[in-house]
Amino acid sequence: MNLKEKRKPYLYEAIISFGFLIVVMAVSIAKFEADPHVPMLIGTAFAAVIAIRLGYTWDEIEKSMFDGIYQALQAVIILAVIGVLIGVWLEAGVVPSMIYYGLSILKPNIFLVATLIICSITSLATGTSWGTAGTIGLALMGIASGLGIPAPIAAGAIISGAYFGDKLSPLSDTTNLAPAVAGTDVFTHVKFMLSSTAIVYVISAVLYLFIGFKYTSTSADMSSIAVIKDGLASSFNISPLLLIPPLAVIISIAFKVPAIPGITIGIVLGIIEGFIFQGSTLGSILDASYSGFVSETGLEAIDELLTAGGLDGMMYSISLTIIAMMFGGIMEKTGQLQVIVDVILGWIKGVTGLITATVLTCIFSNATMPEQYISIVVPGRMYAKAYRDKGLHPKTLSNALESAGTLTSALIPWNTCGVFMTGILGVTTLQYGKWAFFNYLMPLAAIVLSVVGGLTVARIEDDPDTVIETTS
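With the first letter of the sequence shown counted as 1, position 450 gets the number 450 in the working numbering; the numbers rise by one all the way through.
Since the hints were made in silico from the structure, they are not lab data.
Honestly, I wouldn't trust all of these hints.
[Claimed, not checked] Derived Cβ-Cβ restraints for the label pairs, each shown as a range: (1) GLY142 / GLU469: 25 to 33 Å; (2) TRP414 / LEU241: 28 to 36 Å; (3) PHE364 / LEU241: 31 to 39 Å; (4) SER284 / ASP35: 28 to 36 Å; (5) GLU60 / ALA233: 29 to 37 Å; (6) SER145 / GLU60: 19 to 27 Å; (7) SER239 / TYR290: 20 to 28 Å.
Where is the CB? At the ideal position from N, CA and C, for every residue including glycine.
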C-alpha cells in the first residue's frame, strides 16, 4: 500500500542517483580494479532508495527492474547462443582458419593496412577486442619494432582493427547489448551499421596505407607470425571450407533471418564441420558448447586467444546486462531518466542534435563510469523514448551507442579498456589515441553522416517489423 502519493522527481534527485552511480563505479573500477557488477548493483539499490522517496512501493520498484530486464531478454538469449557458437567454432577449427588466412596477408610494405585487416578478421571471428590486442596485436607490435614503425602508430592500427570487430561482429557482447537497450534485434543493428562503418574503415585504411609508405623495409623478423601460423596448422586441420559457417551467418544477416535462428545455423554447420575436419566427438562438442574450448597448442599467444567461448563464458556479460537493466528500469519507470533527458533536449534541435547528444553522453559515461558496457546501457535507456518520439528507428540509436560507447572506451586513459590496451601494448592512450583513426572517426561519422547522406538515420516507418516494443 502507498504510504504517500507518487510524484515526479526533481532534477537534483535524478542527478544524485546518477552521481552516486558515477562515484561508486569510478572508485571501484579505477582505484580497486573491481569488476563493474557489484558497483552497478549498489547504484541500483541507491536508485531504488530515491524511488521510495518519490512514493513508489517496493512492488512497483521490483516490477520496474523486471521490466528493464525484460527489454534485454533477447540479448541475453543471443549472448547465451553466441557463447555456444564460439565454443563450437573453436572446436571445429572455424575461428583458427579465419585467423590463419588473415595472417597470410601480412606483408612488411603494407604492414599498417595488413595489421588493420588482420586484427579486424580476428576480432570479427572472436568478438573480442581485448583478446585480439592481447594476442595477435602483441605479436604485431614486435614486428612493427623490427620495421622501425613507431609503437604508437602500430598500436593505433591494432586497436582500430580490434574495435572494428567489437563494433560489428554478431559474436561481440557490445554488438548485442546496443540493440537490446535501443529496442531492435542484432542483425538489423549490424546491417544498418555496415554503410557508415565501411566509409570510416576505408578512410582509416587509406590513412594507414599512406603512413606505411614511410616504412618499406623488408628486413623485419616475421618469425613470430610464422610460429603462430605453424601452431594453428599443426593443431587444427585448416581449410577454406571452414569459412562456410561464418559466411552462412553473414548471408542470414543479408536475408533478414532472425538472429537466434541465424546464429543456430552457424552452430549446426560448425558441429558438422567439426566432425569432418577435426574428428570432434559429441562429447567434445558438448564440452566446448558449455565450458568453452580449451586450446592446448603449447603456444601462449594461440592458447590465450583460442581458450574461450561456451555458455559459461558468457555469464560475465549476461549478469552485467541484467544488473545494468535493473538500474535502467528503475530510472526509467520513476521518471529520473526523463527529467534529465528533458533538460538535455531543451538545448538541442532536430535529429542530428539528438545523435550528437547521444554521442557526447556515451563519451561522458566512458569517462565517468569507466566501463564500456555502462556507456551503452545508460545512454541507451536515457534516449530510447526520445528517438521513438521523433519517429526514429531504434537502430538509429543503437548505431550511435556503438559508434561512441564502444569505440571511445579505449581512448580514455582511466577507462577499463584504455587501461587494458596500455598494459598490453605498452603505449599510453595519449600516445596511440591520435593514431587510432577508426575509434575517433566513427563517433564523428555518426553525427556528420546524419546530415550528409542520412546514412546514420532511419525512420520507424521504413522498417517497422524490426522494432521491439518496450514495456515503458
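Unmet hints by their number, sorted upward, for this structure
Hints 1, 2, 3, 5 and 6 are the ones this structure does not satisfy, whereas the remaining hints hold.
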